[in-house]
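Trainee: Residue numbers (my numbering), protein chains in the order written: chain R, 86 to 472; chain L, -15 to 421.
Hints are computed from structural coordinates only; laboratory data are not their basis. One should not assume that every hint holds.
To be verified - 25 Å max Cα-Cα, derived PhoX-like pairs, lysine-lysine:
#, chain 1, residue 1, chain 2, residue 2
1, L, LYS200, R, LYS93
2, R, LYS93, L, LYS4
3, L, LYS270, L, LYS128
4, R, LYS451, R, LYS466
5, R, LYS413, R, LYS132
6, R, LYS468, R, LYS225
7, R, LYS189, R, LYS413
8, R, LYS436, R, LYS413
9, R, LYS93, L, LYS270
10, R, LYS387, R, LYS189
11, L, LYS6, R, LYS93
12, L, LYS257, L, LYS4
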Amino acid sequence: MPRILIVKSILLLIIIALMSVAGVQLYKHRHFRMPVVAGPGVTKVEKLSDYTKGLKGTVADTNVFHLEGKEEGGKIFIIANTHSNEPAAILTALIFIENAVVDKGTLIIIPEFNNSAGRNTRPGDGYPLYYEIQTDWGSKKFRMGNRDASPLDQWPDPDVYVHYPDKQLLSYLDVRNTNRTWPGRPDGPLMEQVTYGAMQIMRSEKVDIAVDIHGAETMFPVTNCIVAPEKSIRIATMTSLTVKAREKFDNHVELSPSGFRGLSHREIGDHSDTLPFLLEAPLPFLDQPTGPKTVDLLLDGKDPFLLSLSKKKKLFVPYDETGWPMEKRVGQHCSVILEIIRQFSRKFPDKAIKLRNVPRYADVVKNGVGHYYRDPDKSDKAKVYFN
Amino acid sequence: MYFQIGIILTIMVMAYALAKWKKLSIELSMLSAAVGGGIAGAFVSTPPIDQLARHLVEGAFTYLDVILVFSTATIFMAIVRESGGVNYVVRGTIKYFYNLRIIALILLMIIVLIPGALTGAGSVSLLVVGAPVALALGYLGIAKKRVAAILFIVAGLSAAAPPVNIWAMILSAGTAIPYVGFELPLGIPVLLLGTFTVLFLGWRRERKMELEEVLKEMPEVPAGMSWWRVFLPFLVFFGLVVASRLWPFSIPMLGLPLQFAIAALVALLVSPKRIKILVLSRDTMKRLLPLLATMIVVGMLQQIMTATGVRGLLSFAVISTPLILLFILLAVIIPVSEGVLTYGAAAIIGIPLIWFLDSIGLHATVAIAGLSLLWPLGDGLPPTALIGRLSVMVSEYKDSYWTFLKATWVPWVIITIVGILMVIFSARLEFLVRWSM
């Protein structure tokens, strides 16, 4: 056999071996099942396809948890994993699902909003496939997803995404980004159907407040903040001032730009009576100038490059040797959501929402995020949900 | 950590140099750098050894969408050429505009600008109209080296031209700046710089021939070829692209690969001569293979650089540079980053750069437009040299690549100066954004 043929055969075998190993890992990642334990406050669990039929049987369908109080009141809708590479969102949502008890009003939560993105990876960006959170009973494993839905579930992409209904031109990738496809439509691309389903929840359930949880780079000006349109800005401002005064953390307010379409904080308010809020916590893992993209960086947010840039005043958040640990980010989200509820209830007493058993910032920082998760192996199987 | 990443970077550079020394191709040399960096990183678990195969394979898929566009667009153009359409267009252009040199040059420039402006890819411009335009320029008496240079610069500008500019879209998406208001900040410099380039490089006539003589020398056109047979496939392609803009909510989302495939099918059906499509497709893909391999390996390299922290180190170095020096270095940093990472450069260096420039009071939209003029220049630089290699390929320029690149230096410098000035004076040019909206 000629030498070149031998070399090519060996290279082919190596490639097949590499692809097999990687293929199995990526297959397992896509099909990984993460349990969510319905806590004492959960009264029913629906699917998003119950609100828009087109999602039925697709990967984009996802669980919708309802926590209804005995007393009638206002309604709040929490959306997490709009971007599945911003993990503080799902970690916060699970704290609410597994612990909250609602006395008055209703809490609706979608912990894995872009379920397809949660099963996607980010080629070129070197993410880990999973991360684990330490709990009182062991560790709970989470899948690291991507910002955009998987092309396996929605494809092809257009050469440029024309936003519905405003016709604003957006990056072609944004057709798979559920924070650009609001308000969506029932017969549009799959991710527009996802946001349309959420809009239908808000319209049919007459939701008062919507909170979309995110994470953002420390070098991004819109980080560590509440983004709100004109109609929500007063409650957002009061929330920001209160958490600063009472809980000693910063969370400034950013006005939602009216010329930038497709975002939850803009379209929800423009297309329904709901008051939208988008929460951003710093997420150093997403910054470009960081060291290796490891699980440690994802969870503790410590990075020497960012520390150096912080000293040169090139970051938009305070940053020191302690980084931005997950406890701080999740704790902030918990407190800000609770404070938004409190401010809303003060402003609209007839639509007040009362809930308990959700930790605030200081509790989460002290006890850790995992302290608030239930062991699915020791829980009633009927209360353990998978997407 | 600086030391650790520095060692990994050194090993990557050494692996690349060793492969080049062993006379391996650019693609294999980059692959060596990626594998070398990945193995070096695995010693300190960045990435963990059991994840190395996954990182390499996952990275290989980074530019799958671009690869599909390249493949279908090239097959489409190969069918048009095989059917005799290219020769027919060139003959027509020469026949009508041979004695109106300035108009002919500007028309040819606009023909190259359109596909790239609509798709955001200069490569599509070259794959669709590069060959006939190169022939037309040649018959206008322009040397092959200058033809390749014109095609490279104008195709690059077409990628930067509105309405679709992928660098600006990546930056807008990554910095949460709406992709609006780019029409004038991008359109005006692209048209001015394109006109300057085509006139500067195309003004000198290397040889003068009589029109009749030229027409006699040109390749024969197959019997039965007509304007409608040439234009119908293009009409179908651009019709699909334009229709998806005009009626985005009632037309199914086809995507560029399918749009090119449909246009290719139309070209095949209206061809006056029988085309062996399987043989043609196989030969075309063979010709395209080095380019596709480059895209695959760049993705792998990008993934390994990120997983090891090398990418972060490079990004950190750029952001840490003092402002004045940074403005000067943009002339090097932006094209070189494009040459190494193609579109990935916009995310790695562009996003933090725009945040930084925005925070010091510059206007982000105009600054993005300015940087967008510099990025395409990098498509002529190794290791990828995507547009440069395509320009050489479609113009059939056979001499040294560097000689071709040297021929571009005057427009290159002018574009660089305009791009950097747009960044520096972006706040003063903000009116261009307002006027666009």
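Trainee: Look at each hint and say if it fits the structure.
Mentor: We went through each hint and held it up to the structure:
| no. | hint | result |
| --- | --- | --- |
| 1 | L:LYS200 / R:LYS93 | 48 Å, violated |
| 2 | R:LYS93 / L:LYS4 | 19 Å, holds |
| 3 | L:LYS270 / L:LYS128 | 24 Å, holds |
| 4 | R:LYS451 / R:LYS466 | 30 Å, violated |
| 5 | R:LYS413 / R:LYS132 | 31 Å, violated |
| 6 | R:LYS468 / R:LYS225 | 17 Å, holds |
| 7 | R:LYS189 / R:LYS413 | 28 Å, violated |
| 8 | R:LYS436 / R:LYS413 | 30 Å, violated |
| 9 | R:LYS93 / L:LYS270 | 17 Å, holds |
| 10 | R:LYS387 / R:LYS189 | 40 Å, violated |
| 11 | L:LYS6 / R:LYS93 | 17 Å, holds |
| 12 | L:LYS257 / L:LYS4 | 44 Å, violated |
When the structure is compared with the earlier hints, violations turn up for hints 1, 4, 5, 7, 8, 10, 12 and for no others.
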